[in-house]
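Enquirer: Sequence:
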Amino acid sequence: MGDKNWDPATVFDLFGDAVVRRILVVASDAPVSANELVDRLDVSPPTVYRRINELLEHEFLAERRRIDGDGNQYRVFETTLRRIEFRVEDGGYDVDIGMRRDITDRFEAFWSDLERARPHGNRGSTDRVDAGEGRDETHPS
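The opening position of the sequence shown corresponds to residue -16 in our numbering, with each subsequent residue numbered one higher.
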């Protein structure tokens, strides 16, 4: 089921909203701003922002900051939901939610690649000089 315990009634209520489902579909292709959602879904800004906040609260959307050409920051949203399964059994119902892990994995991979790409001299070590040849070993000639 993932990292969270999902209340099936809350999830049913949330996914019962057509705007929520449409936001998740649009944001599954690529990160999208709230203004883009308003335009693409033809829904009022307050409705879009309410649904975004509900999805963020339940961690079904991830939020990132972007900077436009004028240096202004704005938020974009990407779906974190991979799958959702509702089961009716034993006189009740249950929900199983699969989250995309690639967003976190991509972030961790970015930092790992950055760490590997740093030159050895920038990792807090001091430059070493070979007394026999008088040259800097961290910066080969």
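FYI, nobody ran anything at the bench for these hints, they're computed from the structure.
Treat the hints with caution; some may be incorrect.
[Stated by the list, open to error] Estimated spans, in silico, between C-beta atoms of each pair: (1) Asn55 with Thr30: 34 to 44 Å; (2) Arg101 with Val9: 29 to 39 Å; (3) Val21 with Arg99: 25 to 35 Å; (4) Thr30 with Arg99: 24 to 34 Å; (5) Arg99 with Arg33: 38 to 48 Å; (6) Val26 with Gln56: 35 to 45 Å; (7) Arg33 with Asp12: 18 to 28 Å; (8) Asp25 with Tyr76: 26 to 36 Å; (9) Ile50 with Arg70: 38 to 48 Å; (10) Asp22 with Asp73: 26 to 36 Å; (11) Asp0 with Glu72: 37 to 47 Å.
Keep in mind the model is a prediction, meaning the values are calculated, not measured.
All residues carry an ideal CB built from backbone N, CA and C; glycine is no exception.
Enquirer: A separate judgement is required for each hint: does it hold in the structure or not?
Expert: Outcome of the hint check:
| no. | hint | result |
| --- | --- | --- |
| 1 | Asn55 with Thr30: 34 to 44 Å | 24 Å, violated |
| 2 | Arg101 with Val9: 29 to 39 Å | 38 Å, holds |
| 3 | Val21 with Arg99: 25 to 35 Å | 41 Å, violated |
| 4 | Thr30 with Arg99: 24 to 34 Å | 45 Å, violated |
| 5 | Arg99 with Arg33: 38 to 48 Å | 43 Å, holds |
| 6 | Val26 with Gln56: 35 to 45 Å | 23 Å, violated |
| 7 | Arg33 with Asp12: 18 to 28 Å | 22 Å, holds |
| 8 | Asp25 with Tyr76: 26 to 36 Å | 32 Å, holds |
| 9 | Ile50 with Arg70: 38 to 48 Å | 43 Å, holds |
| 10 | Asp22 with Asp73: 26 to 36 Å | 45 Å, violated |
| 11 | Asp0 with Glu72: 37 to 47 Å | 25 Å, violated |
Hints 1, 3, 4, 6, 10 and 11 from the list above are not met by this structure, while the remaining hints are.
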